[in-house]
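Okay, here's what each chain looks like letter by letter:
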Amino acid sequence: MAEAQNIQFKDAAARLAESAPTPPGQERGDLEGEKMVLNVGPSHPATHGVLRIVLELDGEIITAARPEGGYLHRGDEKIAENFTYTQFIPYTDRLDYLAPLANNVAYALAVEKLLGIDRQLTPRCQFIRVICCELARISSHLLGVGCYAMDCGAMTVFLHTFTEREKIHNLCEALTGARFTTAYTRIGGLSRDMPPGWVEQCRKFLNEVVVNIDETETFLTRNRIFVDRTQGVGVIPREVAIDYGMTGPNLRGSGIEHDLRKAHPYLVYDQLKFDVPVGSTGDCYDRYLVRMEEMRQSVRIVHQCLDQLPGGPINVPDGKIVLPPKDRVLTRMEELIHHFMNVTQGVNAPPGEIYFGHENPKGELGFYINSKGGGTPHRLKIRSPSFVNLSILSWLLPRHMLSDVVAILGSFDFVMGECDR
Amino acid sequence: MTALELAQQLRAKFPGLISEPVEFRGEITFKVSDAERMPEICALAKAELGFDYLVDITSVDNYGDDPRFTLVYHLYGYGHLCALRLKADVSEEKGEAPTVTGVWRTADWHEREIYDMMGIRFRGHPDLRRILMWEGYPHSPLRKDFPLAGKPTDVPQVAFTDAAPLAGGPFVTIAGGKDAISREPRVRIPNTDALETNARLERRRDTKEAHGHSHGPGPIEPKQ
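Residue numbers (the working numbering), protein chains in the order written: chain Y, 1 to 421; chain E, 1 to 224.
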């Protein structure tokens, strides 16, 4: 019986290193400390957009990382200062372009807070807005998880989740008239009501998506390769996560149970039952698990909303805020004046300043509005979750292997449209 | 504990430095009279009052007023779920404030963004570089005296330093107009850029006022 042999496979580089004689004066000791600088991005599949990271490598170990953004900067905040509040709504679609509905709702709620009407929205409007937010969350997480799996070498998951995401776009199209650039909310309401049959379509989708989420989980959660690539990689301890201002699933992955929907309920979130999943170690795997569970909770929320969906109007009955119905504009003096003032000067906001933070799929999307009165903001600052989440990279990436960069970036689920604004 | 109580506690620690809290839409805002003391106040707010999360730092340009700039800090505590807004003025001549990166590391990018967009420097910042615009860009785009249409720069290696290619097209709103009338594409004067159009509209309106006519841009000049 042949004796079992311990066969060692060596890669090409190792064989070459063994065969070539070491030139004098260039022994291993001299090579240590010689750093190599590597550019990742700006256009690289793993950077999910246009992020550039300058890595300093010692062999395969990262010793320093410098993220560079700004490639998608469009000056949204400057544009906002020159537009009326309503005119800026389509620009919010382009922030986190993977969850435009959630951005629309966040922005509308911020302006409504400034106007002081955020608690006077009609019940139907509030429920529809919650449905929008949660569909956006499912859509964003489906993409996030799909791309993440692809970054870690699993192509199937990407195609699998995208099939489901397509259905959300169909729902969006039926609801808002557009698949991506929805611009659905208006200050004080919505651009239009649900079309007939939409509730049934949505229920059908929800029943299908839970199956898809379960299947996705069977692909990944116990997958040896995926677990090896993500578990224990990119660990962010609690204190560091808070110190760097992480929000959303990235914060909850580190074990902090904080969700703006629970902590400061807006719309009708205080009437709905849902759980906030948290991770335990704060590694890439935990962030993935949090996203998977959040999708299930979102499905739960949308089901409750569809059950309780009230009838009635979708806009606040105030012609100075929402455009009056067209038939009245054409026949009545007062409505005509309101329409004219609304279109030419915008909603007349009081002087003051507000900050509204919204639990977006990627984290806390905040709008700080500084108003001096009138129809345009004096200053509008967008506190985007991706921007703040990415600032941790220069702390997190060093000490990791080069191949972990892809796993860590994917687990952050950032979007550069929002980061660069 | 409410945000107002925390605010009063913070105020008591720094007598004479922090103004009376203002409440608007349920949010508490303070004014700190000396921006130089900001790191000290923030460090105390974090250590003793539990404001462990810095939500955001931003800046406002009060163009025409003195002091010109205002820094706005949004603080939040995960323990008590209360938010607080601190504001401090920075004059244009000084254009500088101390950094709070020593208190919260998330301040790093926020301060870089303010430096980039508004041109306020942060003393003691570990890596104060532009973050959204490219290195060497000469302007501060979020200042009120920077036109929306942009300014040409003389950086040869960057492709687009002129105004955006569509600007001034027949259906494109004219950037930088101060009201809806001057932004309206149909009042655009042919073969001029947005800034020039605005300037001419302004002049035309002035002459009309001098002659006692009504406001408005007047008839569109015929194309040649």
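By construction, these hints were calculated from the structure, which means they are not laboratory data.
Be aware that one or more of the hints could be misleading.
Said to hold, decoys possible - To spell it out: a stretch of chain Y is covered by chain E in this simulated footprint if at least three of its residues, at any positions, have a beta carbon under 8 Å from a beta carbon of chain E; those stretches are:
#1 211 to 225
#2 350 to 360
#3 364 to 374
Beta carbons: idealized from backbone N, C-alpha and C, even for Gly.
Outcome of the hint check:
1. Judged by the Cβ-Cβ criterion of 8 Å, the segment 211 to 225 of chain Y is not covered by chain E as claimed, because only 0 of its residues qualify and three are needed.
2. Coverage of the segment 350 to 360 of chain Y by chain E holds. Counting CB-CB distances below 8 Å, 5 residues qualify, and the rule asks for three or more.
3. Counting residues of the segment 364 to 374 of chain Y whose C-beta sits closer than 8 Å to any C-beta of chain E gives 4, which meets the bar of three, so the coverage hint holds.
When each numbered hint is compared with the structure, a violation occurs for hint 1 only.
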